[in-house]
Amino acid sequence: NAGVTQTPKFRILKIGQSMTLQCTQDMNHNYMYWYRQDPGMGLKLIYYSVGAGITDKGEVPNGYNVSRSTTEDFPLRLELAAPSQTSVYFCASSYSSPTAGELFFGEGSRLTVL
Amino acid sequence: AQSVSQHNHHVILSEAASLELGCNYSYGGTVNLFWYVQYPGQHLQLLLKYFSGDPLVKGIKGFEAEFIKSKFSFNLRKPSVQWSDTAEYFCALYAGNMLTFGGGTRLMVKP
Chain A
1 NAGVTQTPKF RILKIGQSMT LQCTQDMNHN YMYWYRQDPG MGLKLIYYSV
51 GAGITDKGEV PNGYNVSRST TEDFPLRLEL AAPSQTSVYF CASSYSSPTA
101 GELFFGEGSR LTVL
Chain B
1 AQSVSQHNHH VILSEAASLE LGCNYSYGGT VNLFWYVQYP GQHLQLLLKY
51 FSGDPLVKGI KGFEAEFIKS KFSFNLRKPS VQWSDTAEYF CALYAGNMLT
101 FGGGTRLMVK P
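Chains A and B, in that order, are what the protein sequence lines are. The opening residue of the first sequence carries number 1 in this note's numbering; numbering runs sequentially from there. The opening residue of the second sequence carries number 1 in this note's numbering; numbering runs sequentially from there.
Extracted from the complex, chain A is given alone in its bound form:
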């Protein structure tokens, strides 16, 4: 099994550009998440989804959008890149209850906005 796959692994953007971070999982998990990780700040939840067609905001959703058209895919879109979005982004997935919270993470995508 591939688990959770994220692309690209690295990307440099200019201010105002847009891009999509791709995330796909092959474990048939209902729940999927996008986090950003900044030094000393832990991981902050951007958006999450409890199933196809259902998405919800996390702690830090501003400047991002998501969609969940299939169980497998959960892309994260940055519309107008800003330097504050320089971060490492992690996609994760999990089953719903009773093991909800036991997340499987992707390898991460390092984004730099200049």
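Keep in mind the hints are simulated off the structure, nothing from the lab. A hint or two may mislead.
Said to hold, decoys possible - For lysine-lysine, the following DSSO-like pairs were computed, each having C-alpha atoms within a straight-line distance of at most 30 Å:
(1) B:K110 / B:K69
(2) B:K61 / B:K71
(3) B:K110 / B:K49
(4) B:K78 / B:K58
(5) B:K49 / B:K69
(6) B:K69 / A:K44
(7) A:K57 / A:K44
(8) B:K69 / A:K9
(9) A:K9 / A:K44
(10) A:K14 / B:K58
(11) B:K61 / A:K44
(12) A:K14 / A:K57
(13) A:K57 / B:K49
(14) B:K69 / A:K57
(15) B:K78 / B:K61
(16) A:K14 / A:K44
(17) B:K49 / A:K9
(18) B:K58 / A:K44
(19) A:K57 / B:K61
(20) B:K69 / B:K58
(21) A:K44 / B:K49
For chain A, the structure is supplied; the task is to place chain B on it using the hints.
Coordinates of chain B only, in the frame set by chain A:
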């Protein structure tokens, strides 16, 4: 709203020393608690979890954690650390479909 606090941001230990990392959470209902580990250059991996039952839970690589409900704490322990335990450790709380992380503790183990 739920929150998780890890009070030790950086810890430096020598090999064979004992480890205890603090974690406190804020949430009024039933919780699932986790410790995740991130080795240098890698993604997060589950270290151990608490859902219910015995408040002392054991995880991989000799780690254990104790859930103390009255103190809203879930501290991580290991009797004797190894150089390979050098990593960043994250405490996390699951409630309301969301997993909320603490700020992390960066552990360095000197050989």
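Evaluation of the provided hints:
With a CA separation close to 33 Å, the supplied pair B:K110 and B:K69 exceeds the 30 Å bound. The hinted pair formed by B:K61 and B:K71 meets the criterion: a straight-line CA distance of about 26 Å does not exceed 30 Å. Annotation: proposed proximity of B:K110 to B:K49 holds, straight-line Cα distance about 27 Å (limit 30 Å). At roughly 10 Å between alpha-carbon atoms, B:K78 and B:K58 fall within 30 Å of each other, so this suggested pair holds.
Of the pairs offered as hints, the one joining B:K49 and B:K69 holds, with about 15 Å between alpha carbons and a cut-off of 30 Å not exceeded. Only pairs whose Cα atoms come within 30 Å are accepted, and B:K69 paired with A:K44 is accepted, the gap being roughly 25 Å. Between A:K57 and A:K44 the CA atoms are separated by roughly 11 Å; this keeps the pair inside 30 Å, and the hint holds. At roughly 40 Å between alpha-carbon atoms, B:K69 and A:K9 are farther apart than 30 Å, so this suggested pair is violated.
For the given pair, A:K9 sits about 19 Å from A:K44 by alpha-carbon distance, which is consistent with the 30 Å threshold. Between A:K14 and B:K58 the alpha-carbon distance is near 46 Å, which puts this suggested pair outside the 30 Å criterion. Between B:K61 and A:K44 the CA atoms are separated by roughly 27 Å; this keeps the pair inside 30 Å, and the hint holds. The straight-line distance between the Cα atoms of A:K14 and A:K57 is roughly 25 Å, inside the 30 Å bound, and the hint therefore holds.
For a cut-off of 30 Å, the pair hint linking A:K57 to B:K49 stands: about 25 Å separates their Cα positions. Of the supplied pair hints, the one linking B:K69 and A:K57 holds, its CA atoms being roughly 29 Å apart against a limit of 30 Å. The hinted pair formed by B:K78 and B:K61 meets the criterion: a straight-line CA distance of about 9 Å does not exceed 30 Å. Distance hint between A:K14 and A:K44 is fulfilled; the C-alpha atoms sit about 23 Å from each other, no more than 30 Å.
For a cut-off of 30 Å, the pair hint linking B:K49 to A:K9 stands: about 29 Å separates their Cα positions. For the hint linking B:K58 to A:K44, the alpha-carbon distance of about 26 Å falls within 30 Å, and the restraint holds. As the CA atoms of A:K57 and B:K61 are separated by approximately 35 Å, the hinted pair breaks the 30 Å bound. This hinted pair checks out: B:K69 and B:K58 have alpha carbons roughly 17 Å apart, not beyond 30 Å.
This hinted pair checks out: A:K44 and B:K49 have alpha carbons roughly 20 Å apart, not beyond 30 Å.
Hint violations for this structure: numbers 1, 8, 10 and 19, all remaining hints satisfied.
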